[in-house]
Amino acid sequence: MKIKVTKSKELVKVPESGLLSLVASKLKDRTLFPQKVEDAKKYLQKAKLSSL
Amino acid sequence: MSNLKNIYELQENKSEHDLKFFFISKGKQDIVKVIQYSFVQELNGKSIYNLGFGDYDLIDDTISDNTNTNNGDGYKVFNTVLSTIPSFFKNYSSDILMVQGSDGRPEFIKHCKLTCRKQCKDECKNYNRRINIYRGYVDKNYKELSIDYQFFGGIRDLGQKISIEPYEQHKKYDSVFLFKKVYNFTV
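Those sequence lines, one after another, are chains F and W.
Position one of the first sequence corresponds to residue 1 (the numbering used here), numbered consecutively onward.
Position one of the second sequence corresponds to residue 1001 (the numbering used here), numbered consecutively onward.
Hints are computed from structural coordinates only; laboratory data are not their basis.
Owing to the predicted nature of the structure, the values given are computational and were not obtained by experimental measurement.
Accuracy of the hints is not assured; some may be wrong.
As the list claims (entries may be wrong) - So the derived label-pair ranges between C-beta atoms look like this: (1) F:Leu11 to W:Glu1009: 15 to 25 Å; (2) W:Ile1109 to F:Thr6: 37 to 47 Å; (3) W:Gly1072 to F:Ile3: 33 to 43 Å; (4) W:Asn1184 to F:Ser51: 21 to 31 Å; (5) W:Asp1148 to F:Val12: 37 to 47 Å; (6) F:Thr6 to W:Lys1118: 34 to 44 Å; (7) W:Lys1110 to F:Ser50: 27 to 37 Å; (8) W:Ile1147 to F:Leu11: 43 to 53 Å; (9) W:Val1182 to F:Leu11: 43 to 53 Å; (10) W:Asn1070 to F:Ser25: 24 to 34 Å; (11) W:Lys1118 to F:Ile3: 48 to 58 Å; (12) F:Gln35 to W:Leu1058: 19 to 29 Å.
Note that the Cβ used here is the ideal one computed from N, Cα and C, for glycine as well.
So here's chain F without its partners, still in its complex pose:
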């Protein structure tokens, strides 16, 4: 009888600052919340802005 051996993925420890730098580079130049920006634009279109 053959036994199927599955190898789990190796986990690598990354320092917190390194992880955040990686995230920052992945998200560079990206609009992260496009829906919110659109919502804000629509909201402001309906708003009376004279008091601001």
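Given the structure of chain F, go ahead and fit chain W onto it with the hints provided.
Frame of chain F; chain W shown alone:
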């Protein structure tokens, strides 16, 4: 907001178009949180920026601003988000910051009813929950915050028109606008 204690360590990233912050929420699990101040539009020579905040999933490369992670560190996360506001005004000193919750969208109530277990009768308790947390902070610290910042509140009426008025403590708003006060001293 500049003297908030119990906050996470932040990484700041400024580009030509926006200002981002990153930190790791360390509660029941580690969650990467992202904050972005995005340009929305110009108004009388000033720019209006919107505050966006959510979770980043590193594996799927996706961002969500409508999940309640219940990571057990809500106050620390909230304080960390607030602590970035003075940095925003350091970078955009003459501009306006707009804050709205992702649970304040008109279609939110309909979506909430599909999964919510609260069985709200008249008013959805989750609607505008996020902006109410921000308002609560402003209301509680209004006197102190008003030294440095000018606040306005936005209210949507039944006809869906929006009025923006000088902020009144404890009044229900569905958006908050703020900008830095400028003091001119002459000697």
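Review point. When you take the CB atoms of Asn1070 (chain W) and Ser25 (chain F), is the distance between them in 24 to 34 Å?
Key: holds, 29 Å
**Study point:** Pairwise beta carbon distance, Lys1110 (chain W) to Ser50 (chain F), judged against the given window 27 to 37 Å
**Key:** holds, 32 Å
Review point. Falls inside 21 to 31 Å, the C-beta gap from Asn1184 (chain W) to Ser51 (chain F)?
Key: holds, 22 Å
Review point. Does the hinted range 19 to 29 Å hold for Gln35 (chain F) and Leu1058 (chain W) at CB?
Key: At roughly 21 Å between Cβ atoms, Leu1058 (chain W) and Gln35 (chain F) fall inside 19 to 29 Å, so the hint holds.
Exercise for review: Starting from the range 43 to 53 Å, see whether the pair Val1182 (chain W) and Leu11 (chain F) falls in it by beta-carbon distance.
Suggested key: The hint (43 to 53 Å, Cβ to Cβ) holds, given that Val1182 (chain W) and Leu11 (chain F) are roughly 51 Å apart.
Review point. So does Asp1148 (chain W) sit 37 to 47 Å from Val12 (chain F), Cβ to Cβ?
Key: For Asp1148 (chain W) and Val12 (chain F) the Cβ distance comes to about 44 Å; the hint holds.
**Study point:** Supplied distance hint 48 to 58 Å, evaluated on CB atoms of Lys1118 (chain W) and Ile3 (chain F)
**Key:** Given a distance of about 50 Å, which is inside 48 to 58 Å, the answer is holds.
Check your understanding: Does the hinted range 34 to 44 Å hold for Thr6 (chain F) and Lys1118 (chain W) at CB?
Key -> Holds, since Thr6 (chain F) and Lys1118 (chain W) (Cβ atoms, about 42 Å apart) stay within the stated range.
Point to revise | C-beta pair Ile1147 (chain W), Leu11 (chain F): status relative to the range 43 to 53 Å that was hinted | key: holds, 49 Å
Practice item. Using the beta carbons of Leu11 (chain F) and Glu1009 (chain W), state whether their distance is inside 15 to 25 Å or not. Key: Holds - the Cβ-Cβ distance for Leu11 (chain F) and Glu1009 (chain W), about 23 Å, lies within 15 to 25 Å.
Practice item. Go ahead and decide if the range 37 to 47 Å is satisfied by the Cβ distance of Ile1109 (chain W) to Thr6 (chain F). Key: At roughly 46 Å between Cβ atoms, Thr6 (chain F) and Ile1109 (chain W) fall inside 37 to 47 Å, so the hint holds.
Exercise for review: Could you check the hint for me, namely that Gly1072 (chain W) and Ile3 (chain F) are 33 to 43 Å apart, CB to CB?
Suggested key: holds, 41 Å
Checked against the numbered hints given earlier, this structure breaks none of them.
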